[in-house]
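Quick note on the working numbering: the sequence shown kicks off at 53 and runs consecutively.
It is possible that some hints are incorrect.
Simulated crosslink set (PhoX-like; lysine-lysine; CA at most 25 Å straight-line) [as the list claims (entries may be wrong)]: (1) Lys54 to Lys176; (2) Lys117 to Lys72; (3) Lys163 to Lys117; (4) Lys86 to Lys135; (5) Lys54 to Lys163; (6) Lys209 to Lys54.
Per label pair, the in silico range of CB-to-CB distance [claimed, not checked]: (7) Met298 to Asn218: 21 to 27 Å; (8) Leu180 to Val67: 22 to 28 Å; (9) Leu212 to Lys263: 24 to 30 Å; (10) Met298 to Asn68: 27 to 33 Å; (11) Lys263 to Asn68: 23 to 29 Å; (12) Asn177 to Val67: 34 to 40 Å.
By construction, these hints were calculated from the structure, which means they are not laboratory data.
The beta-carbon is built from N, C-alpha and C at its ideal position, and this holds for glycine as well.
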Amino acid sequence: MKINISIIIPVYRAVNTLRKSLNSINNQNIDLEKKIEIILVIDDGKKYNGIVPKFNKNMSIRFVKTNGIKTGPGNARNIGLSKARGEYIGFLDADDEWSENYLKKMYELAKKNGLSFAPTRVYKNNELIGEFNGKNKKYLSINDIGEIPCSYHPFVKKNLINKFENHRSQDVYNTAILLNKKNKVEVIQNDYYKLNIQKESVTKEKGFSIKIDQAYKIYQVKSLKMKNLKVSKIFALRRIKNKKYMEWAQKNKKGFYEYLSEEKNE
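Let's have the full structure, built from the sequences with the hints guiding it.
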């Protein structure tokens, strides 16, 4: 059976959030003749069968285990990619959601361009903190990844995507590599990726900014060695912004996305 779309979800400590994420897929406004598989890559050794909803016609779910516990989202995504049968790949985190026309619009743009993106809306306790997209809201460019250091989740033809790194922010690095091959990529309008900040969100970890800077440095150096100068530049910019955030956080005692939202509105 031909699969049109594979949706990869790394799952780690997601007992309280996964059902909502899966329901946001189930509630998508999309032609149900499309064959869609959802791949849950379990990275905590737990069983999630009991919280999985009944899916709509032509949507199926697969459970895949990683080769350990807490192996990281990069490894989990790579395992998901190795199992994916779809021509196009979408990514969703186990505590995030999609707006109702997200899948339809992302798929249509990806078929047209091989790659598509959406704005990211960040919520905390169901309150909108901010919406993040490129300077030109119709397109996303590699420069935007440096200037607006939010996570962007691609929808991409499978043969175009690279293997994920096993460092932090590996999704950002992969996005940068994809955008380095194009001048700009269309962004869907009026729909969005909903990023939910949880108590255990990565951005709330102790030492988050220091660990992120270390990852950014790895990507910066690696890109220089590979002569991907645009990619190296955006991680240099991210390191500068990360340092500014650390200084701001000491005074304001707020999180990373609150900082980005305030900086954006200045």
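Hints, verified against the model:
no. : hint                         : in the structure
1   : Lys54 to Lys176              : 38 Å, violated
2   : Lys117 to Lys72              : 21 Å, holds
3   : Lys163 to Lys117             : 30 Å, violated
4   : Lys86 to Lys135              : 19 Å, holds
5   : Lys54 to Lys163              : 16 Å, holds
6   : Lys209 to Lys54              : 15 Å, holds
7   : Met298 to Asn218: 21 to 27 Å : 24 Å, holds
8   : Leu180 to Val67: 22 to 28 Å  : 25 Å, holds
9   : Leu212 to Lys263: 24 to 30 Å : 29 Å, holds
10  : Met298 to Asn68: 27 to 33 Å  : 30 Å, holds
11  : Lys263 to Asn68: 23 to 29 Å  : 24 Å, holds
12  : Asn177 to Val67: 34 to 40 Å  : 19 Å, violated
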